[in-house]
Amino acid sequence: MSNGAVAAAATVGREVKPKVGRDDVIMRACLLGVVVFLVVCVLLPLYTMMSKSLENHAGDFVGLANYAQYFSTPSLFFSIYNSLTIAVIATVIVLVGAFVYAYALTRTCMPFKGFFRAVTLIPLLTPSLLGGISLVYWFGNQGVAKELLMGESIYGPIGIVIGSSYWVFPHALMIVITALSITDARLYEASEALRASKLRTFFTVTLPSVKYGLISAGFVIFTLVFTDFGVPKVIGGNYNVLATDIYKQVIGQQNFQMGAVVSVILLLPAVVAFAVDRIVQRKQTALLSAKAVPYTPKPSRGRDLAMLVYCSFVTLLIIAMLGMAQYAALVKFWPYNLSLSLNNYNFDVMDGGGWEAYYNSIRMSLYAAAVGTVIVFFGAYLMEKGRGFKTGRSAVHMLAMAPLAVPGMVLGLAYIFFFNNPANPFNFLYGTMGILVIATVVHFYTVSHLTAVTALKQMDPEFESVAASLKTPFYRTFARVTVPVCVPAVLDISMYLFLNAMTTVSAVVFLYSSDTTLASVAVLNMDDAGDIAPAAAMAMMIAYTCAGVRVLHVLLTIGIQKRMQAWRNQ
Amino acid sequence: MPEGDREGAFLKITGLTKKFGDFTALKDISLDVYEGEFVCFLGPSGCGKTTLLRAIAGLDIQTYGSVVQAGRDISALPPASRDFGIVFQSYALFPNLTVTKNVAYGLENTKTPADRIKVKVRELLELVGLHDQGDKYPAQLSGGQQQRVALARAMATSPGLLLLDEPLSALDARVRIHLRTEIKDLQRRIGVTTIMVTHDQEEALTMADRIVVMNDGVIEQIGTPEEIYAKPKTSFVANFIGSTNFVPGTVVEHDRVKAGDMLLECETDGVAIGKSIVMAIRTEDINAQDIREGDGNVIDVSISHLEFLGSFYRAHLDSPAFSGHDVNADFSVNLVRRKSLEVGSRLPVRLPPELIRVYPGDQQ
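Line by line, the protein sequences are chains U and D. This note's numbering puts the first residue of the first sequence at 1, with every later residue one more than the last. This note's numbering puts the first residue of the second sequence at 1, with every later residue one more than the last.
Note that these hints are calculated values from the structure, not bench results. If you're wondering where the values come from, they're calculated on a predicted model, not measured in any experiment. Beta carbons are placed, not taken as given, at the ideal position from N, Cα and C, and that holds for glycine. Be aware that one or more of the hints could be misleading.
[Claimed, not checked] Calculated Cβ distances over 12 Å to all of chain D for the following chain U residues:
1) THR106
2) PHE313
3) GLN326
4) SER394
5) PRO461
6) SER469
7) THR472
8) VAL483
9) PRO484
10) MET495
11) MET564
[To be verified] Beta-carbon label-pair distances, calculated as ranges:
12) PHE61(U) <-> ASN109(D): 38 to 44 Å
13) LYS298(U) <-> ILE190(D): 55 to 61 Å
14) THR24(D) <-> HIS397(U): 49 to 55 Å
15) GLU253(D) <-> LYS17(U): 53 to 59 Å
16) GLY361(D) <-> GLY33(U): 58 to 64 Å
17) ALA139(D) <-> HIS397(U): 30 to 36 Å
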């Protein structure tokens, strides 16, 4: 026996401690970096905010005194009721609306499906404020269709519900379309063979199969509306909701402790919704079988026509929102001089940041897209493909999921508390472009992370094993195989981050400085100052930019897919 | 080549145990693999054969036990520090790289000069018969071709050990048979020590120098294909490889057992008298021809069912001797025609004593 064998014989019976290779060391160090990033930018700020809600102005611990004060001030806690009312009504409207729309797109032979699908993407390209501004022009005090409200004011719950429904519609629609697309056609054949009526089939096959999708969509709508700041800020009038309360407490009254209390209250339902959604999604995947046969709808004149009418109506509403904002941006002096001009685009003569704000937004969005994509994708790769170090990998997973449950306002306020503290070594970030980029990346981390994980999971898990057997360092395989194969997902992530960075208000409204005003914040401030037409014009600038990026993304994706065609198919 | 008689195992596995939480996937496995040998790990799914392969590769390192390769203790080393090439069922070819680039992947990492790599890749592709396919992407090749590329890629760095994880399972039956001869030829020419995991007994029997039959995390038997087939050590092996009939009985005296109402002669392998046993005989070993007056181990049976399987018939036999157990015999088409056998036919069959195997207990 050789020496090695003798040495080995001696170790039999003892537990084997796998030796850590060079690759493992580098991967774990990088993974640790991602963990630190997420801890510093998610956990610590939230913790700071929660502890602030238990302190008085002087910074002494006062227990639940702030909460007691909150609940004994009717003007404050009534907002909870308002927020819930708005969110529930909007959830019902959007869920039903999106379900019928998705049904038309997936289960009927209605014509122009591509067009109807494309139009619903419009709200994703605009800040949520735009819907509010548009409503002012339609139904406001000088609105063109004011009479339709029959004396009711648009400034309040009606406006918030309509404006919210407009911008969350595509989010809900995407989820429901996915749910409706994965149904098994064989179930419908079986139902037909058993001579079940159309209605019975709908209730026994269609609805149960999309149940989880609908629940998931419902929670997404609820959370988005419940925590939204932009729409109620513009159109809410005196109707207070939680998100605008935080803004008023912090910006209006400089009462940071009360802002923290409201934030914690805003966080709770969002966390519950998030938890329920995770559980539901787990069930959804268990329901799926790989052998499902895709469903192809058959023409049915009456139904297809009815759906065409319905979808045209919804589409018309969406275009009316965008169209009015555009029209208002071009009109010289609403409603007295309706001639068109570009005067409202002369942002430099208005308060709110001027063209500088627009360029800042572009810069910020590019940074967020670049930095965010690198961190998110590399982090997901290390988590998904690393060997051993289970603690670190599950830490990344949990930390990456957390931002989804954190409303933008809450994140922004938490960042003030955390980064504005002079004792914090990261204090230098405060008031810079850097903190805006970080806040944006963190705010939209979860969806980007899940996109990356999905793409990585589709890759053969043995690529890494083969590469290791060929003694190739992991970063070489990452650069030569993983990234090239995942290019579409990488593009998706960067586009998602760019669009959201352009349109978001809530996460950054507390964090910009006079040097780093952003376009979306400028919309808010101009609207606040009564310059509604320039606000509309700036919102439209954001919309053009996002549409441009979206088109660029489509072109790039088509180009890449052509190149990839060779190694995709026969 | 019986165990332990040979000097200097190339790969020596000692006392290897692998646990996943509370579940023990491998229990105290010890095994020697010799230089240049082709060894198959054979067993049903979940028997631990792939786990053992992954432990040898360092992809899922064992909980206890050691692995020594070429005199070096590699028990705890990460895969990159070991010396092996691996081929997976899924091929795991890099989809965005051409065949040439895939094969060159491991070489580009060494300090081999570019022109040397080129020559080496061409040699390897010629070796697997794909010299004119170098510029194609994996998706443009058939499954069999892709698996050959994977093989060439694994061989490129001239590893001391080649690991094949169900390399043929994803292929069509015809391609599979073709490729298995090809892989075996290639292995013999290059002489690389090879371990292949498979659940297909035919694959193992045709390709392996030695087969390691595994079940439930333990090794049931190690031996040449002939040994494994002719002398299955346990009833599991007898049942898993080939088709075998099992009939329970008792040892009544040395080399004589009682099954149902019949006394049969067979080797009892030292099982004590009075013990219950299970008798096993392969379906093709039940003889219906040239039975002479006075032969032992002859039973009168009737055919209860006749299954046509192309090159032969499988006859389901009934006899009080089988005490209700299903016993099948494979009869050639020729025999069935000659004796005009059909359902209900009665005939004598002989169970040759030297082909009956006896396993202790009433296990099956």
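Now the hints, each set against the structure:
no.: 1; hint: THR106; verdict: holds (29 Å)
no.: 2; hint: PHE313; verdict: holds (45 Å)
no.: 3; hint: GLN326; verdict: holds (43 Å)
no.: 4; hint: SER394; verdict: holds (15 Å)
no.: 5; hint: PRO461; verdict: violated (8 Å)
no.: 6; hint: SER469; verdict: violated (5 Å)
no.: 7; hint: THR472; verdict: violated (5 Å)
no.: 8; hint: VAL483; verdict: violated (10 Å)
no.: 9; hint: PRO484; verdict: violated (5 Å)
no.: 10; hint: MET495; verdict: holds (21 Å)
no.: 11; hint: MET564; verdict: violated (8 Å)
no.: 12; hint: PHE61(U) <-> ASN109(D): 38 to 44 Å; verdict: violated (58 Å)
no.: 13; hint: LYS298(U) <-> ILE190(D): 55 to 61 Å; verdict: holds (59 Å)
no.: 14; hint: THR24(D) <-> HIS397(U): 49 to 55 Å; verdict: violated (28 Å)
no.: 15; hint: GLU253(D) <-> LYS17(U): 53 to 59 Å; verdict: holds (56 Å)
no.: 16; hint: GLY361(D) <-> GLY33(U): 58 to 64 Å; verdict: holds (59 Å)
no.: 17; hint: ALA139(D) <-> HIS397(U): 30 to 36 Å; verdict: holds (31 Å)
Consistency with the previously given hints fails for numbers 5, 6, 7, 8, 9, 11, 12 and 14, ordered from lowest to highest.
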